[in-house]
Structures are given as C-alpha cells and as structure tokens.
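Quick note, the sequences are listed as chains A and B, same order. Each step along the first sequence adds one to the number in the numbering used here, with nothing skipped, and position 129 is 129. Converting from the second sequence to the numbering used here requires adding 184 to each position, the first position being numbered 1.
Calculated directly from the structure, the hints in this document are not laboratory data. Fair warning: this is a prediction, and the values are worked out from it, not measured in the lab. Honestly, I wouldn't trust all of these hints.
[To be verified] Derived, one-sided and incomplete: chain B residues facing chain A with beta-carbon distance under 7 Å:
(1) His266
(2) Ile432
(3) Arg435
(4) Ile436
Think of the CB as a built atom: it goes at the ideal place given N, C-alpha and C, for glycine as much as any other residue.
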Amino acid sequence: MQTLKIVITGGYAAGKTQFIRSISDIDPISTDYAVTLDEERALKNQTTVALDFGTIAINDQVTLYLFGTPGQERFDFMWEHLSIGCLGYVIMVDSCRPGHFVETRRLMDRFSELTDAPFVVAANKQDDPTALPLSYIRRRLELPLTIPIIACVATERESVKQVLLALLQHILLLTPDELDPVSS
Amino acid sequence: MALEGTLQDMSLSDLIQVFRMGPKSGVLLLREQIQHGIIYVSNGRMIDALILRGSERTIVATADEAVIQMLTWDNARFVFQHNPYVHTRPIRIHRDGEQLILEGMARRADPTRAIPYHSITLDTYLQLSPLPNNSGSGVKLNVHQWRILSQVASQKSLRDVCEATKMERTMAIRTVVELLSLGVIEVVAPPRPQKVRHPEKRAVATTARCDFGSDMQRDDASMTNGVHGFGTETKAPPVISHTLLNAIKRRIHAL
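Kindly produce the complete structure, drawing on both the sequences and the hints.
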C-alpha cells in the first residue's frame, strides 16, 4: 500500500478542519480542544491543537492522506513534522479577515523553509457577499502569478475538490514528465 | 458573515477600491475612539456617509466630507455588512470614490485643508446649502448652530451674523466650520458693490469642485514582489509520476 500526503495549512480559523471534513472518505480524526484565548474564542469555540486527518482512497494500492495543521503559531512545532514528505500543500486564507493576511504571509514563508513542495492558496468563504476578491488577496499575500489562488467554500465538497485538483495540476506542471512511478 | 478588521489591516482606500471591484452593496461601519463612521455602498459606489460623535450620536460630518475625514483615520475598527437594499437611500455623495481618496490623501498630507478655520473671517459670506429632499433628516443642531443658521438665510457676512446674534467671534467661526462640515451652509463670494439699476445681483458660489480625472490605475507592482525563495536546505517533496498524479486527479474528480 502506497500513501501520499497533502497538507492543509493556514492561519487561525481559516477553515482547514472543515476543508478536510468536506472531502475525506473517512470521518476525519480531529484533535480539537476548547479555545482558551478570548480573542480566539471570538472566532470559534474549538480549535485544532495537533492535526486533522482524513483520507481519500485513490485505488487498491494508493491512498491520499490529508493532514490539517493547527492554525495558531504556538503549535508550529507540528508543521515541520507534517510537512516532511508531503506531495504538496494548500494554504487556506479567510477572505473576510484582512487582519489575518500578515499571519498567513508569515506562515507561507515558514512553510517555504520547511519544504520545497508545490502549493496553492485557497481563499475560503468566497460565498460571502462581502468576501475580498482574489486579485486583492493575491496582492496582499504578495503571491506571484505562478502560484494559483482558488476561490473556495470549505463547507462545499465540490469547491474543495476544485482546490485539490488545482493543486494536483500545479504539481503536474512542476514535475518532470519522464519520472517513474513513485518509490515508497 | 461580514468583512471585518481594522484600518491597519486594510485601509479605507483599499476598501473603497474593493467595493467597486465587487461590486458590493452594504453598510460599512467604522469606530475610532468616540467617533462612529457609516458609509452606505450601493453596487460598488458610495452613496451616503456620516460621522457621529459621542453617546449622543451628534452628526459632525456628512456625505463627501464625512468620507474624506474617515480617510484620515488610522486605527478604526470596521465591519462591512452586505445589504442589497442600500440603494433605496438618497444619493448624497456625488464625487467619485477615487476623487475622495485623492482628497483624503491631500488632507492627510496637509491637515489645514481639513477645516477651513484659516479662511473663515468676519468678512466671509455664507448661504444655506441647496440640500436635496430629506437629506437634512437626522442632523441635530445645537443652540449655537441654530443661532448662526437662523441668520445665514439672508446671505450675510459673518460680521453681520455676529452682530445679530451677539455671539463671540471665535465661537461664531467654530460654529460656522461645524455647519460647513455638516454641509448645511456654504461659503459664497462677497456681493459686488450694488449698482443702482441691478440691486438684486446674486453672489456666485465659490465652492468649485476639483476634477481629478477617473482613470487612476492601481499600482500592481507589489503583486510581483515577494516570490518565495525556497531554502537550499529544505526537504524535497516525494518524486511522483504523471501517471499517478493523473490517477489521483481522476479519483478526486469522481468523488
């Protein structure tokens, strides 16, 4: 059995847990605990402190694992473990919280130090009529045009599928064509 | 759900641009210390605005002037709430958003442009502003403002107003500035010396508006900055064939 790993990361309350919940074949394994800080509790009541875990069975031999990282920077020691050997990663950002862009930008820099894996940005909550446009989010994240940014609604399975497909397409473009199948 | 943050996270000029790009409709609420700002946005365009102060919610500025003053705020918290029925409000902002942004930038650079204390003298002539229907509703004037306003109707100089109301000069000028911010009165040119045959010649308003042009292009240079340099000592991702990647894509497609 071969396993492949995709990491779902992003700032606090960006929608990572919901993203995995919407697409996973299994009931995701979450390690959520009650939020302790007041300013964080204003956004949500439970938060991921270690990881979220979901799977997608590709065929009999291959399973895709989805790992969601904890959002708060005080748990960033987990990011390094989760990024090892990942095929690619999705950076999630809340389209209605411009105050989180700086934190997301820092997280992008940190992940680029941890892994060379390709990534895409998923702009969550794009179904909200007040959501910021993708072009503005790209500018604020200083995202080069070579990195895809995809509109996302983490609660909708179809939208989550489109993000994963965009990531896979991005990986395809960056992977040499003549490679043999992966050796585990 | 709503767009939320502080003006340090996202400036008001950015918000105005984003509203137009949307185009968005709704109400933008800002709070800076004891002041509350409200901007009504219909289909990407600002149509009305006001600034309220204190617990009495005294209106201190309206329409274009309110937006320009809010553009000088730095630390306000904001919430933008979607509301498709905003278009039913009367339109009281007539200048383009970009013109207001430019005016706000100019005022930030030169705060003396903000409140024309320096230009209000006892020889300044005033007249009532031609307000659209019900645009004055919600404006609460204090006693001093009412005293001034009651005298301005007949196009007097501020000296005449001071004599009529027995109001002290400094207080009168301050009150006139407040009324100007509210858009209730405006400054007019002094009347020309009256000719015998044309005693009713009217003064001409001097509050000409500046035309800044509407083709301000965004500076997108920053979009190309900040390319992520991957470190040389990073862990390489696993090598994977296109066949397998395509198989994964097909599987996810089929989900």
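Hints, verified against the model:
no.	hint	result
1	His266	holds (4 Å)
2	Ile432	holds (5 Å)
3	Arg435	holds (5 Å)
4	Ile436	holds (5 Å)
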